[in-house]
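**Q** From first to last, the protein sequence lines stand for chains A and B.
Residue numbers 31 to 203, in the numbering used here, belong to the letters of the first sequence in order.
Residue numbers 80 to 466, in the numbering used here, belong to the letters of the second sequence in order.
Just so you know, the hints here were simulated from the structure itself, not pulled from any lab data.
Ideal placement from N, C-alpha and C gives every residue a C-beta, glycine not left out.
Just so you know, not all the hints are guaranteed correct.
Here are the computed lysine-lysine pairs in the DSS-like style, where the Cα-Cα straight-line distance is at most 27 angstroms [what the hints assert, rightly or not]:
1. B:K368 to A:K138
2. A:K138 to B:K371
3. B:K215 to A:K167
4. B:K224 to B:K214
5. B:K224 to A:K200
6. B:K254 to B:K224
Residues from chain A shown here face chain B by an in silico Cβ test under 8 angstroms; the list is partial [claimed, not checked]:
7. Y105
8. A133
9. E135
10. A139
11. S141
12. E142
13. Y144
14. A159
15. E160
16. P183
Among the chain B residues that face chain A by a calculated CB cut under 8 angstroms, a handful are [to be verified]:
17. R193
18. G195
19. K254
20. L262
21. S295
22. T298
23. S300
Listed below, chain by chain, are the residues.
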Amino acid sequence: MAMRAALRCLSTNFSPRLPQVSSAAQVSATRLLWRSGSLRTLSTSSALSTALKFTDKHEWVQVEGGIGTVGISSYAQGALGDVVYCGLPETGQRLEQMEEFGALESVKAASELYSPLTGEVTEINTELAENPGLVNKSCYADGWLIKMTIEKPEELDGLMDQAAYDKFLKSLE
Amino acid sequence: MLSHIRRTLSLVRGCSGVCRIQTSTNPARSSSSFSDLTTASDSGGLVLRSQSTDVYLNLALEDWIDANLDLQQRSVLLLWGNQPAVVIGRHQNPWTECNLPAMRKAGIPLARRRSGGGTVYHDLGNLNLTFFTSKKAYDRQRNLKVVTDALRRIRPELDVKATERFDILLNGHLKISGSASRLSRKSSYHHCTLLHSADRSTLSASLRPSCPGILSNATPSVPSPVANLVDHAPALQWEELLDALEHQYNTEFGFSAASTLVNPADEAAFPGLSRMEAELRSWDWTFSKTPKFSIQTVLDLTDARSARSSAQLNMEIKSGLIESCQLDVPTDWLPQRLIGELSGVLVGERFCGHRAAAAVTALLRSESGELQDRLTNLCDAVVRAMG
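Please model the entire structure based on the sequences and the hints provided.
**A** Spelled out as structure tokens, the structure:
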């Protein structure tokens with residue numbers, strides 16, 4: 031963990047056009063770096079974003095290996111009530127940021143889902159067909175909705191991190 | 080203080096789209112663009128009546144209002160009615176919810192709405208009310224109170240009550256209204272039906288499954304015995320009901336909105352609405368949006384000549400298309416080769432009796448004699464199983 035943090039610090043000084051390196055390779059490369067004492071350029075894209083980012087529609091996206099997993103926040107699932115049906119898109123469907131991509135039906139209403147990013151749907155959570163309640167029970171883990179590619183990584187910068195989202199929630203009270 | 084310029088529309092029952100319009104005291108406003116109305120009104124609420132009796136235009140009008148009006152500061156009540164139609168909820172399966180072949184015969188269209196909930200039958204004896212608000216102001220019980228209070232005011236003898244499920248029951252057990260809603264980016268709408276004088280026999284005939292043996296996890300309807308208001312308050316006029324509802328809406332929310340006619344077919348007043356209507360009318364939205372389901376049923380193959388015979392049909396239907404088809408037919412009745420060809424011809428077709436019948440014609444022509452008879456028998460049974 032410390033090694034990764036060190037790597038992150040180093041990387042900010044380097045040019046963005048870096049070769050893709052696996053995490054294992056990164057760690058051993060870092061060890062090499064410290065031993066040799068020379069500065070080497072290293073990719074950090076995979077170390078950058080495992081933290082959740084949030085939209086003002088109470089959706090979260092978590093990026094790993096260039097794929098974003100999308101779900102709804104705890105606040106959202108609480109506000110919705112018991113989810114009885116998840117209306118999700120097909121894999122291969124291309125979504126624009128903020129485009130409607132489906133709806134969650136609960137006793138409260140059919141609530142539209144808005145894409146947090148621009149990209150293509152690679153996977154949908156098929157568990158939700160039999161068990162839509164996973165969205166309530168495990169909104170950050172087993173209750174994920176879709177996975178998608180990230181066509182415009184800069185869109186992530188516009189999303190809220192956990193601290194900003196928590197502040198946003200307070201402002202709604 | 081706004082004078083109440085009432086340009087009201089009588090939705091005349093039994094009459095197809097021709098409406099009597101009361102003359103306005105201000106003719107200049109009679110065909111203004113919709114945006115004029117929304118900026119002119121300072122009442123905080125807007126009360127609208129749709130001139131259209133087309134289910135797709137009216138559903139599109141709801142979407143248009145939701146997408147284009149600023150509902151943070153203003154709320155809207157829309158009253159509308161349709162020519163006979165069946166409307167299913169966002170995530171429902173039309174084959175389980177309604178009798179598609181009977182509807183086709185009677186010329187009753189199917190529409191899928193964007194809100195959740197169950198299946199309803201509309202005709203010009205059914206009134207639809209849509210309450211548009213910001214998400215913060217979303218309050219279904221309060222909206223239903225508008226309806227029950229209005230009814231109690233004009234017919235105090237009627238026992239009407241809203242339930243926890245957001246139905247309205249007459250005399251404790253007869254459903255006169257059902258609700259559904261949609262929450263979008265910043266706004267919400269809650270709509271409900273109200274049975275004034277609907278054709279109940281067509282209603283029951285339509286709200287039956289198309290075919291047996293469907294296994295589906297689509298949202299199901301909760302069937303209820305229904306009643307019309309006129310069955311219990313025979314002198315209740317349609318216009319009287321609409322006036323009372325509008326008045327109660329204003330009372331409940333402290334508005335002083337005049338009732339205004341709107342025509343969703345007017346592209347100038349509602350730019351972009353026709354595109355929404357086209358989407359709602361499309362096969363893709365209506366049928367393809369059906370959650371994945373399967374059919375498991377037994378086909379009766381007995382005909383005049385052969386002994387009692389049956390086959391098992393298993394089909395998977397995804398996005399309204401036959402994804403897989405398995406037929407278990409006694410091997411001495413038809414060769415496996417033909418069964419395989421039949422399945423092959425059906426896979427990829429729309430789940431529709433007409434389409435299936437068309438798809439199998441070439442296959443049928445390629446056979447003759449008893450094989451052709453049996454194959455025809457089998458094809459007919461498969462087509463029947465698809466409703």
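**Q** Please go over all the hints and tell whether each is borne out by the structure.
**A** Going down the list of hints, with the structure as the test:
1. Between K368 of chain B and K138 of chain A the CA atoms are separated by roughly 21 angstroms; this keeps the pair inside 27 angstroms, and the hint holds.
2. This hinted pair checks out: K138 of chain A and K371 of chain B have alpha carbons roughly 24 angstroms apart, not beyond 27 angstroms.
3. Restraint check for K215 of chain B and K167 of chain A: the C-alpha separation of about 25 angstroms stays at or below 27 angstroms, so the hint holds.
4. Of the pairs offered as hints, the one joining K224 of chain B and K214 of chain B holds, with about 19 angstroms between alpha carbons and a cut-off of 27 angstroms not exceeded.
5. Using a Cα cut-off of 27 angstroms, the hinted pair K224 of chain B and K200 of chain A is violated, with the two alpha carbons roughly 32 angstroms apart.
6. With a CA separation close to 16 angstroms, the supplied pair K254 of chain B and K224 of chain B stays within the 27 angstroms bound.
7. The beta carbon of Y105 of chain A comes no nearer than 13 angstroms to any beta carbon in chain B, farther than 8 angstroms, and the hint placing it at the interface is violated.
8. A least Cβ separation of about 6 angstroms between A133 of chain A and chain B falls short of the 8 angstroms threshold, and the interface hint therefore holds.
9. Nearest Cβ of chain B to the Cβ of E135 of chain A: about 4 angstroms, under the 8 angstroms cut. The hint holds.
10. For A139 of chain A, the interface hint holds, since its Cβ comes within 8 angstroms of a Cβ in chain B; the closest pair sits about 4 angstroms apart.
11. A cut of 8 angstroms between beta carbons decides the hint on S141 of chain A: the least distance to chain B is about 4 angstroms, and the hint holds.
12. About 5 angstroms separates the beta-carbon of E142 of chain A from the nearest beta-carbon of chain B, less than 8 angstroms, and the hint is met.
13. For Y144 of chain A, the interface hint holds, the least distance from its beta-carbon to any beta-carbon of chain B being 7 angstroms, beneath 8 angstroms.
14. Contact between A159 of chain A and chain B, as hinted, is supported at the beta carbon level, the nearest pair being about 6 angstroms apart and thus within 8 angstroms.
15. The closest approach between the C-beta of E160 of chain A and any C-beta of chain B is roughly 7 angstroms, which is under the 8 angstroms cut-off, so the hint is satisfied.
16. Because the closest C-beta pair between P183 of chain A and chain B is about 24 angstroms apart, greater than 8 angstroms, the hint is violated.
17. Below 8 angstroms, beta-carbon pairs count as interface contacts, and R193 of chain B has one with chain A at about 7 angstroms; its hint therefore holds.
18. With a cut of 8 angstroms, the hint placing G195 of chain B at the interface with chain A holds, because the nearest CB-to-CB distance is about 4 angstroms.
19. Because the smallest distance between the Cβ of K254 of chain B and any Cβ of chain A comes to about 18 angstroms, over 8 angstroms, the interface hint for this residue is violated.
20. With a least beta-carbon distance of about 4 angstroms to chain A, the hint placing L262 of chain B at the interface is held under the 8 angstroms criterion.
21. Annotation: interface hint on S295 of chain B violated; nearest CB of chain A at approximately 10 angstroms, more than 8 angstroms.
22. Annotation: T298 of chain B was flagged as interfacial toward chain A, and the flag holds, the nearest CB pair being 5 angstroms apart, inside 8 angstroms.
23. Of the supplied interface hints, the one on S300 of chain B is violated, with its beta-carbon coming no nearer than about 13 angstroms to a beta-carbon of chain A, more than 8 angstroms.
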